[in-house]
Each structure stands twice: as C-alpha cells, then as structure tokens.
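Undergrad: Listed below are the residues making up each chain.
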Amino acid sequence: MGVNLESHNLRRLYQRQPVSGWSRAPERATRDHPVRIYTLGRFSIQLHGVAASSKHARQHRPTELLQALIALGGRDVSVEVLSQALWPDADGDLAKNTFDVTLHRLRRLFGVKDLLLLCDHRLTLNSDLAWVDVWSFERLVNHAERLLPRAGDPVVTRQLARVGERLVTLYQGNFLEREGSNAWSLKLRERLRSKLLRHLLDNGEVWERLGEWDPAIRLYRKGLEIDPLIEALYQRLMICYRESGQRGDALAVFQRCREVLARQFHIAPSPKTLDLYSSLKS
Amino acid sequence: MENYIVRIYRRDAADPHKVAGVFESVEQETENTFTNLNSLVSLLASNGADGDATDAIDTARTAEGKP
Numbered sequence: 025m026g027v028n029l030e031s032h033n034l035r036r037l038y039q040r041q042p043v044s045g046w047s048r049a050p051e052r053a054t055r056d057h058p059v060r061i062y063t064l065g066r067f068s069i070q071l072h073g074v075a076a077s078s079k080h081a082r083q084h085r086p087t088e089l090l091q092a093l094i095a096l097g098g099r100d101v102s103v104e105v106l107s108q109a110l111w112p113d114a115d116g117d118l119a120k121n122t123f124d125v126t127l128h129r130l131r132r133l134f135g136v137k138d139l140l141l142l143c144d145h146r147l148t149l150n151s152d153l154a155w156v157d158v159w160s161f162e163r164l165v166n167h168a169e170r171l172l173p174r175a176g177d178p179v180v181t182r183q184l185a186r187v188g189e190r191l192v193t194l195y196q197g198n199f200l201e202r203e204g205s206n207a208w209s210l211k212l213r214e215r216l217r218s219k220l221l222r223h224l225l226d227n228g229e230v231w232e233r234l235g236e237w238d239p240a241i242r243l244y245r246k247g248l249e250i251d252p253l254i255e256a257l258y259q260r261l262m263i264c265y266r267e268s269g270q271r272g273d274a275l276a277v278f279q280r281c282r283e284v285l286a287r288q289f290h291i292a293p294s295p296k297t298l299d300l301y302s303s304l305k306s
Numbered sequence: 048m049e050n051y052i053v054r055i056y057r058r059d060a061a062d063p064h065k066v067a068g069v070f071e072s073v074e075q076e077t078e079n080t081f082t083n084l085n086s087l088v089s090l091l092a093s094n095g096a097d098g099d100a101t102d103a104i105d106t107a108r109t110a111e112g113k114p
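So the sequence lines, in the order shown, correspond to chains W and G. Using our numbering, the letters of the first sequence correspond one by one to residues 25 to 306. Using our numbering, the letters of the second sequence correspond one by one to residues 48 to 114.
If you are wondering where the hints come from, they were derived from the structure by calculation, not from laboratory data. These numbers were taken from a predicted model, which means no experiment stands behind them. A couple of the hints might just be wrong.
Once the Cα atoms are required to be at most 20 Å apart in a straight line, the calculated DMTMM-like pairs of lysine to aspartate or glutamate come out as [what the hints assert, rightly or not]:
{"id": "1", "chain 1": "W", "residue 1": "LYS246", "chain 2": "W", "residue 2": "GLU189"}
{"id": "2", "chain 1": "W", "residue 1": "LYS219", "chain 2": "W", "residue 2": "GLU255"}
{"id": "3", "chain 1": "W", "residue 1": "LYS296", "chain 2": "G", "residue 2": "ASP62"}
{"id": "4", "chain 1": "W", "residue 1": "LYS246", "chain 2": "W", "residue 2": "GLU214"}
{"id": "5", "chain 1": "W", "residue 1": "LYS296", "chain 2": "W", "residue 2": "ASP273"}
{"id": "6", "chain 1": "W", "residue 1": "LYS137", "chain 2": "W", "residue 2": "ASP124"}
{"id": "7", "chain 1": "W", "residue 1": "LYS211", "chain 2": "W", "residue 2": "ASP251"}
{"id": "8", "chain 1": "W", "residue 1": "LYS246", "chain 2": "W", "residue 2": "GLU283"}
{"id": "9", "chain 1": "W", "residue 1": "LYS305", "chain 2": "W", "residue 2": "GLU267"}
{"id": "10", "chain 1": "W", "residue 1": "LYS211", "chain 2": "G", "residue 2": "GLU71"}
{"id": "11", "chain 1": "W", "residue 1": "LYS211", "chain 2": "G", "residue 2": "GLU49"}
{"id": "12", "chain 1": "W", "residue 1": "LYS246", "chain 2": "W", "residue 2": "GLU232"}
{"id": "13", "chain 1": "W", "residue 1": "LYS211", "chain 2": "G", "residue 2": "ASP62"}
{"id": "14", "chain 1": "W", "residue 1": "LYS219", "chain 2": "W", "residue 2": "GLU162"}
{"id": "15", "chain 1": "W", "residue 1": "LYS211", "chain 2": "G", "residue 2": "GLU78"}
{"id": "16", "chain 1": "W", "residue 1": "LYS219", "chain 2": "W", "residue 2": "ASP251"}
{"id": "17", "chain 1": "W", "residue 1": "LYS296", "chain 2": "W", "residue 2": "GLU283"}
{"id": "18", "chain 1": "W", "residue 1": "LYS219", "chain 2": "W", "residue 2": "GLU169"}
{"id": "19", "chain 1": "W", "residue 1": "LYS137", "chain 2": "W", "residue 2": "ASP100"}
{"id": "20", "chain 1": "W", "residue 1": "LYS246", "chain 2": "W", "residue 2": "ASP124"}
{"id": "21", "chain 1": "W", "residue 1": "LYS296", "chain 2": "W", "residue 2": "ASP226"}
{"id": "22", "chain 1": "G", "residue 1": "LYS65", "chain 2": "W", "residue 2": "GLU255"}
{"id": "23", "chain 1": "W", "residue 1": "LYS211", "chain 2": "G", "residue 2": "GLU76"}
{"id": "24", "chain 1": "W", "residue 1": "LYS296", "chain 2": "G", "residue 2": "ASP59"}
Go ahead and model the full structure; you've got the sequences and the hints to work with.
TA: See the structure below:
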C-alpha cells in the first residue's frame, strides 16, 4: 500500500494549508478541481466537468463512505470513527477489512490519484482536487459573519449581497436530504441549516436598516421556504411589507403565520406578532 | 442507539414548562409536534418503546389534554 506516498502527500498538503479551518479565500478557483461533489439537497458528482455516470450511483458502499467522510469533516477523519458510523455491527477485523475494500473501490471509482489520502489511520478528502459544496457554503457563511459588523460600508454591503445570493444558490436543500436519515449526517445537516437561517435573519436586518425592503423580503421568504415554523421570519416580513407600503401583503403574512401556528401547535401568534398586526390596522 | 431531533419554536419565559416544537425520530422518519414538556417526554418515551407512532401521538395529545 502507498502509505509512505500518502504521508508525503498529506504533509505537502498541510504545508500549503493550515490544519485549522479551510484557508482558501471564498470561492477562489473552484473551476480547476477535477472532482466536484454536491450534497446540499441532492447528491451528485462531477468528474472533470462531466456528471458522473450511473455506475457511481450503483456503488452504494463506496458512495456512502464518501458521504460519511464529508459529513464527519472531510479531513483527518479516523478510520475507526468512519467504520463505527457505517458498520456499527462489524467487529474490529471485519470493520477494518470492510473499510479497506470500500476505500479501494471508492478510489477506483474516481480514478483520481491522491484524491483520498490515508495517513495514520485517518482519511482525508484532498481539497486541492475536490470541491465540495458544503465546504464552499461554510467558507462563505463564515465570510458573511465577518462582513456583517461592517455592513454600513457600501462596499461591504455589496459584498454581503453577493455572498448572500451565492449562499442561497448553493443551499439547494438540506445536507444529503434525499439519501435518507443517517445518524452520522445529522450534525452537519443541522449545523448548515441553522447557519443559513441565522444568516438570512442577520443579513435581512442589515437590508432593513438600510431601508432596502425588497432584498430583506427575499431573504425572509427563503427562510420560510426552509422552515415555515419560525415566527421571527413572519414578524420581519410583516415589518418589511408595512414599511414599504405593502399593507395587504403584511396582512397576508400574518394570516399565514396564524394558520401555520394553529395547525402545527394549536397556539396563537405571540404578543409581538399580534402587536405588529395591530400596527397594520392603525 | 436512538437518534432524535428536537426543534423548539416557542418558549414561555414565565413558564418553562410551556415549550412548542417538533420532535423528529431519525430512524423512523416520523415527525410530531409538542406544546409542553410533558408531551415531549411522552413522545420520547413512546418512541423508545416498541409501540407504534400512533400510540406516541395519542399519549402526547392526552398529556396536552386534547381529544
């Protein structure tokens, strides 16, 4: 096995990239990655710009190993952790053999040298060769969080708008949502979902402060597409419609909020929502 | 191991017992709502037992005082 070669490659990789966090500038040079992996909403792979053939889809175990590797961070993931996640009933030797065979099949499936690096019983998906939508998403959302405090600056505001559009485009749905529910995918799925919802609310407030109601409305509506039970999104939408003179739309949002809460929880809108409703009538 | 997702959408600051949210069972891929801690506990207990999801919903509704 090419352990020494892989160790060398991994060291080379780390020399270029610090271990803590992904250091690439947001969205830099994504086109030159031979492998592109989409996991948000759907699972698909592109090899050299071409959608992977159906043979990839039929390879259940290798595909699942790749998905679990991404779900568990993508780099330096312990073989033991991966095996425990994917084959919890397999004992030590069986788990090791299953992992070795599955990794071999996964590498053969891609045929891209150094794509999957194994070093000291830890597996890494080489970010020099693979672009993964969730990595891009997390870099962008972290970038947006850094921009938010400086949103009063017009240049920063434009950057924030571009980042927000890109985030919404990237987030085609929850992480691996069509692949069924696996315990190992939940943590990342929930973290990404939560980060996007937080970003939509924070970014929307920036546009509200600037009196730019339409972009704020788009963000809040996107939030409600992801989770129609978040009352704060209805409240923000009502404010945006009220302030932009669209009173009928604000009332419609209130009605929808009331219906959703009644249907799901048998509860009335909160006092804050009712106050907003009162402000629409006055 | 059993895995669940609990989302809290409403908390009553004056009464911590009053919480509204959604309880999802990952393995069974079922989703139920709760409006207080008793109904959340009932959902958890029922999902952990061998009873089916209908029992869980009935138990939760009873705990909430709903028909």
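Undergrad: Please go over all the hints and tell whether each is borne out by the structure.
TA: Checked hints:
For the hint linking W/LYS246 to W/GLU189, the alpha-carbon distance of about 11 Å falls within 20 Å, and the restraint holds. As the CA atoms of W/LYS219 and W/GLU255 are separated by approximately 17 Å, the hinted pair is consistent with the 20 Å bound. Proposed proximity of W/LYS296 and G/ASP62 is supported: the alpha carbons are some 17 Å apart, at most 20 Å. With a C-alpha separation of about 17 Å, the suggested pairing of W/LYS246 with W/GLU214 holds against the 20 Å cut-off.
Among the hinted pairs, W/LYS296 with W/ASP273 is consistent with the structure: their alpha-carbon atoms are about 18 Å apart, no more than 20 Å. With a C-alpha separation of about 17 Å, the suggested pairing of W/LYS137 with W/ASP124 holds against the 20 Å cut-off. Taking the CA atoms of W/LYS211 and W/ASP251, the gap is near 17 Å; set against the 20 Å cutoff, the hint holds. Taking the CA atoms of W/LYS246 and W/GLU283, the gap is near 19 Å; set against the 20 Å cutoff, the hint holds.
About 13 Å separates the Cα atoms of W/LYS305 and W/GLU267, which keeps this hinted pair within 20 Å; it holds. At roughly 14 Å between alpha-carbon atoms, W/LYS211 and G/GLU71 fall within 20 Å of each other, so this suggested pair holds. For the hint linking W/LYS211 to G/GLU49, the alpha-carbon distance of about 14 Å falls within 20 Å, and the restraint holds. Proposed proximity of W/LYS246 and W/GLU232 is supported: the alpha carbons are some 16 Å apart, at most 20 Å.
Among the hinted pairs, W/LYS211 with G/ASP62 is inconsistent with the structure: their alpha-carbon atoms are about 30 Å apart, more than 20 Å. The straight-line distance between the Cα atoms of W/LYS219 and W/GLU162 is roughly 9 Å, inside the 20 Å bound, and the hint therefore holds. At most 20 Å may separate the alpha-carbon atoms for a hinted pair to count; W/LYS211 and G/GLU78 meet this at roughly 18 Å. With a CA separation close to 13 Å, the supplied pair W/LYS219 and W/ASP251 stays within the 20 Å bound.
Distance hint between W/LYS296 and W/GLU283 is fulfilled; the C-alpha atoms sit about 16 Å from each other, no more than 20 Å. In summary, the hint linking W/LYS219 to W/GLU169 is supported, as the alpha carbons are separated by about 10 Å, within the 20 Å threshold. At roughly 18 Å between alpha-carbon atoms, W/LYS137 and W/ASP100 fall within 20 Å of each other, so this suggested pair holds. A distance of roughly 42 Å separates the Cα atoms of W/LYS246 and W/ASP124; the hinted pair therefore is violated under the 20 Å criterion.
Proposed proximity of W/LYS296 and W/ASP226 is supported: the alpha carbons are some 19 Å apart, at most 20 Å. For the given pair, G/LYS65 sits about 16 Å from W/GLU255 by alpha-carbon distance, which is consistent with the 20 Å threshold. At roughly 16 Å between alpha-carbon atoms, W/LYS211 and G/GLU76 fall within 20 Å of each other, so this suggested pair holds. For the given pair, W/LYS296 sits about 13 Å from G/ASP59 by alpha-carbon distance, which is consistent with the 20 Å threshold.
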